[in-house]
Amino acid sequence: DAMVIQNPRYQVTQFGKPVTLSCSQTLNHNVMYWYQQKSSQAPKLLFHYYDKDFNNEADTPDNFQSRRPNTSFCFLDIRSPGLGDAAMYLCATSGASGALGEQFFGPGTRLTVL
Amino acid sequence: QKEVEQNSGPLSVPEGAIASLNCTYSDRVSQSFFWYRQYSGKSPELIMSIYSNGDKEDGRFTAQLNKASQYVSLLIRDSQPSDSATYLCAVTGSSGDKLTFGTGTRLAVRP
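Taken in order, these protein sequences are the chains called A and B. First residue of the first sequence? That's 211 in our numbering, and the numbers climb one at a time after it. First residue of the second sequence? That's 851 in our numbering, and the numbers climb one at a time after it.
In case anyone wonders, no lab produced these hints; they're calculated from the structure. Be aware that a few hints might be false.
[To be verified] List time: in silico BS3-like cross-link candidates among lysine-lysine, alpha-carbon distance up to 25 Å:
| id | chain 1 | residue 1 | chain 2 | residue 2 |
| --- | --- | --- | --- | --- |
| 1 | B | K917 | A | K248 |
| 2 | B | K917 | A | K227 |
| 3 | B | K906 | B | K917 |
| 4 | A | K248 | B | K906 |
| 5 | B | K948 | A | K262 |
| 6 | B | K917 | B | K948 |
| 7 | B | K906 | B | K948 |
| 8 | A | K248 | A | K227 |
| 9 | B | K892 | B | K948 |
| 10 | A | K248 | B | K892 |
| 11 | A | K227 | A | K254 |
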């Protein structure tokens, strides 16, 4: 089945220790998104790629970086995680923009910062 | 003013009843409207999309859109305990390629 895969599902890191989360998709979608979601809050968009065109949200901290080496893969790098970065990180894909824009989410990575 | 507003709930309904979830949005040029279901600790799952005024039905789910009132709703008929989850309303902005989410309404279906 076509899907969005995230690894790892659970990640524990230490304060200040860099961490990389990965996302892959078999949907051949051209748009990929990274969201951060904290408990009882709406998903917050960090950035998205339209093909290789990177779009950063204005309020995304510099501590967060992303790479998309090809259509199928996208990575989220957190350079120096703080306690406030503990959250669920969600990857999503979309096959169209404009009037369609349905997004399909991976299972998420739960990040714990000690 | 929040861009997408939902009552946080919890909305408690008995099994077999109709659950009605509501959402209002502020951007008049919004084009696409979505309902996602999110179980505790899981990722959002798309359950309904609606793009034009009126009703759209899919099984036990009906989405209703009123662009003049900037209002979108989700009806769940014959509610089941397995429907207990948080329901997120999401709207595309004027750019069309980004979703703005509400904070969700928690639904609890009592057996």
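> Taken at face value, is the distance from the CA of A:K262 to the CA of B:K948 at most 25 Å?
Replying inline: Holds - the C-alpha atoms of A:K262 and B:K948 are around 16 Å apart, at most 25 Å.
> Are B:K892 and B:K948 close enough, with their CA atoms no more than 25 Å apart?
Replying inline: With Cα atoms ~21 Å apart, B:K892 and B:K948 stay inside 25 Å; holds.
> Are the Cα atoms of A:K227 and A:K254 separated by 25 Å or less?
Replying inline: holds (23 Å)
>> Tell me if the straight-line CA distance from B:K917 to A:K227 falls inside 25 Å.
In response: Violated, at about 47 Å.
> Can the restraint linking B:K917 and B:K948 be considered satisfied, given a maximum Cα separation of 25 Å?
Replying inline: Satisfied, since the Cα-Cα distance of roughly 19 Å is no more than 25 Å.
>> For A:K248 and B:K906, compute the direct alpha-carbon distance and say whether it is at most 25 Å.
In response: Measuring from Cα to Cα gives roughly 31 Å; hence the hint is violated.
> Are B:K906 and B:K917 close enough, with their CA atoms no more than 25 Å apart?
Replying inline: holds (14 Å)
> Has the given pair, B:K906 with B:K948, been kept, meaning a C-alpha gap of at most 25 Å?
Replying inline: Holds, at about 22 Å.
> When you check the alpha-carbon spacing of A:K248 and B:K892, does it fall within 25 Å?
Replying inline: Judged against 25 Å, a Cα distance of about 12 Å means the pair holds.
> Are A:K248 and A:K227 close enough, with their CA atoms no more than 25 Å apart?
Replying inline: OK: A:K248 and A:K227 at ~20 Å, within 25 Å.
> B:K917 and A:K248: Cα distance at most 25 Å?
Replying inline: With a Cα-Cα distance of about 30 Å, the restraint between B:K917 and A:K248 is violated, given a limit of 25 Å.
In summary, the structure is inconsistent with hints 1, 2 and 4 from the numbered list given earlier, while agreeing with the others.
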